[in-house]
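Kindly produce the complete structure, drawing on both the sequences and the hints.
Residue numbering for the sequence shown is 222 to 793, as defined by the working numbering.
Careful, some of the hints might be misleading.
Pairs of lysine-lysine, PhoX-like flavour, derived with a Cα cap of 25 angstroms [stated by the list, open to error]:
1) Lys232 with Lys253
2) Lys782 with Lys249
3) Lys619 with Lys600
4) Lys305 with Lys253
5) Lys249 with Lys232
6) Lys252 with Lys232
7) Lys257 with Lys305
8) Lys600 with Lys249
9) Lys782 with Lys757
10) Lys305 with Lys252
11) Lys249 with Lys305
12) Lys252 with Lys782
13) Lys232 with Lys600
14) Lys782 with Lys253
15) Lys249 with Lys619
Derived Cβ-Cβ restraints for the label pairs, each shown as a range [claimed, not checked]:
16) Ser714 with Pro573: 31 to 39 angstroms
17) Arg764 with Ala509: 40 to 48 angstroms
18) Arg362 with Leu565: 23 to 31 angstroms
19) Val637 with Asp768: 35 to 43 angstroms
20) Lys350 with Glu429: 19 to 27 angstroms
21) Asp436 with Ser714: 21 to 29 angstroms
The hints are simulated quantities; they were obtained by calculation from the structure and are not laboratory data. Note that the Cβ used here is the ideal one computed from N, Cα and C, for glycine as well.
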Amino acid sequence: MSTRNGPAVRKSQRAPTACARCAQRKVKCDKKIPCKPCLARGLESTCVREVVCVRGRYTSPRPAPGSSAPLTYDQLIEENSRLKTELENYKRSSYQPLQQQQQQQDESLIQILESQVHLPATTTPRQRKVWHRSDIVMPSRECSDALLEHGFVWTSWIHFGIHIQTFRREHEMNWSNRDQQQLLEGSEPLWLAIYFGFIAMSLMFMNEQEALVADLPSADPGQLIHNWYDATIFFMHEADFLRIHDIRAVQAIAILLGLAKNVGDFNLQPVLQATGLRIGHCLGIDRAAPTSLSADPILQEVSHRVWWTMVICEWLQRPDSAPLIHETDFDVPLPLNLTDEELLDPYLREHPDEVEDHPRPVQYHHTMIGLAQVRYRFKMELTRLRQDHRDDNEQYSKRLEELVSRSDEALANLIVQLPNHLSSENLEDEDGDETCVIWQRISLSLSFLFYRMAVNRELQDRWVESSSSFTARSQAICLASAHAIVSLVDRHSDAFMRHRPWATASNLFSAAATLVIEAQFSNDTEIAATYIQNIKPSMAFFRRIQDQNAVAARAMDVLTKYIDELGFAQYL
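Okay, here's the thing in structure tokens:
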């Protein structure tokens, strides 16, 4: 519909509450006219709401003053003075230290939605259920063996918290001539912490048939995962890990970081992450040759692997926040491109370049390290950019486009450099590959799509205003990546159902939320409906895994409420 002398007025089921400029930039608006973001940018005179047609009636661009009479000249002078004072106070308080610049920026809608999924539970935090050894549900020896062997194949390369041959030997020694109670009473607390974290992670990656064959001590795998997660924390505290620093505490934390958000421990997860880094620093594993550890080369290599796991978790954390550690804070070589069995060979440890070229689990770790480095450098440069050009919007826009371009190219280069068995070009070619290799390939494809979407989404508030070809290209990459994420999870839903790490649910939520926001600001009802309909598989996936993935449960709840608020529920 169009007016006689003006642009087209779109139809809507609800009158907009945010101002048109904030809606166009997709940032949080306080819904006052003039709003705080417009006041801060000196645009209070043009701060109006979009005029839309709601049930045949046109809305007003400014709130109606009710029955009150127009302001007098003196009242207008007083109002102008008040607004100037508020604006000056805002400008004076706008400077913050570099690490806090992210909080200074207008909060985008996607940041708000992601925060609702990931932020700590302030009202009902998760309650720990293991306070005594008697609270722990013990597996049988046969079940323990099955969980360990499954974890060696499916999860050890995610956290790299253990060396397979060493841990298998320790497991044999601790179970030797002992029953379940004797294992709990006679084993070292930190070994037990690693053990219970490892079998909890292994169980999380089991399908129903594998869990049935493993002869679990409970018919409820989700309950067991929670119990063993709590058992890990119980034994860490028994070892007084905060005072008595030990590499095994960092190993246990590296494993727990893959579990914490799955079990809904949103409050503890960031604390564990920071604690693992600090204990690692105290032990010196942030250096190439930690002096606090024994000269055992296997343990030295495990320290390199687990340190990089902690760095990956810190630099790829959700939601984004200032990192606790920077590239200049540590000097740790990349893990050797060797399998755990090859690490036992002194010659191969000295000459790792001479090994035969075949798939190794550590190559997945190398790729995640590269991805974390690209993301970290992007965030750091973006923070400096906001600080240096906060008063020069034109220069900021130019530099931001350059940064997005460089970072997107860096991600593309990482993709090109992938080993053949991890390349997305072989995504549908599963013949002859080990099942865990297929999962690594799918997981990396999802991660690369997410970070390309996230990098290009930084230009989202310029998609409407800018006419540059680069901005249009960035928008196309972002939305294509979001659609591809939804499609990938739908196409491989059985694989993702089997593997339930919280990061998968987080990536899928972010993609779905990006599409919902595009629907919100679309002038075409049919296009908006298509965006919403395209995320149906995401909602179905969240529903299927929510019992063992607290992020999925939150994601489904946040998306459902947001879509309902927008009046799009009928399209789901």
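For each hint, the structure was consulted:
no.	hint	in the structure
1	Lys232 with Lys253	holds (22 angstroms)
2	Lys782 with Lys249	holds (17 angstroms)
3	Lys619 with Lys600	holds (17 angstroms)
4	Lys305 with Lys253	holds (16 angstroms)
5	Lys249 with Lys232	holds (22 angstroms)
6	Lys252 with Lys232	holds (20 angstroms)
7	Lys257 with Lys305	holds (12 angstroms)
8	Lys600 with Lys249	holds (21 angstroms)
9	Lys782 with Lys757	holds (14 angstroms)
10	Lys305 with Lys252	holds (19 angstroms)
11	Lys249 with Lys305	holds (22 angstroms)
12	Lys252 with Lys782	holds (19 angstroms)
13	Lys232 with Lys600	violated (38 angstroms)
14	Lys782 with Lys253	holds (23 angstroms)
15	Lys249 with Lys619	holds (23 angstroms)
16	Ser714 with Pro573: 31 to 39 angstroms	holds (38 angstroms)
17	Arg764 with Ala509: 40 to 48 angstroms	holds (47 angstroms)
18	Arg362 with Leu565: 23 to 31 angstroms	holds (25 angstroms)
19	Val637 with Asp768: 35 to 43 angstroms	holds (39 angstroms)
20	Lys350 with Glu429: 19 to 27 angstroms	holds (24 angstroms)
21	Asp436 with Ser714: 21 to 29 angstroms	holds (28 angstroms)
Hint 13 alone, counting from the list given before, is not met by this structure.
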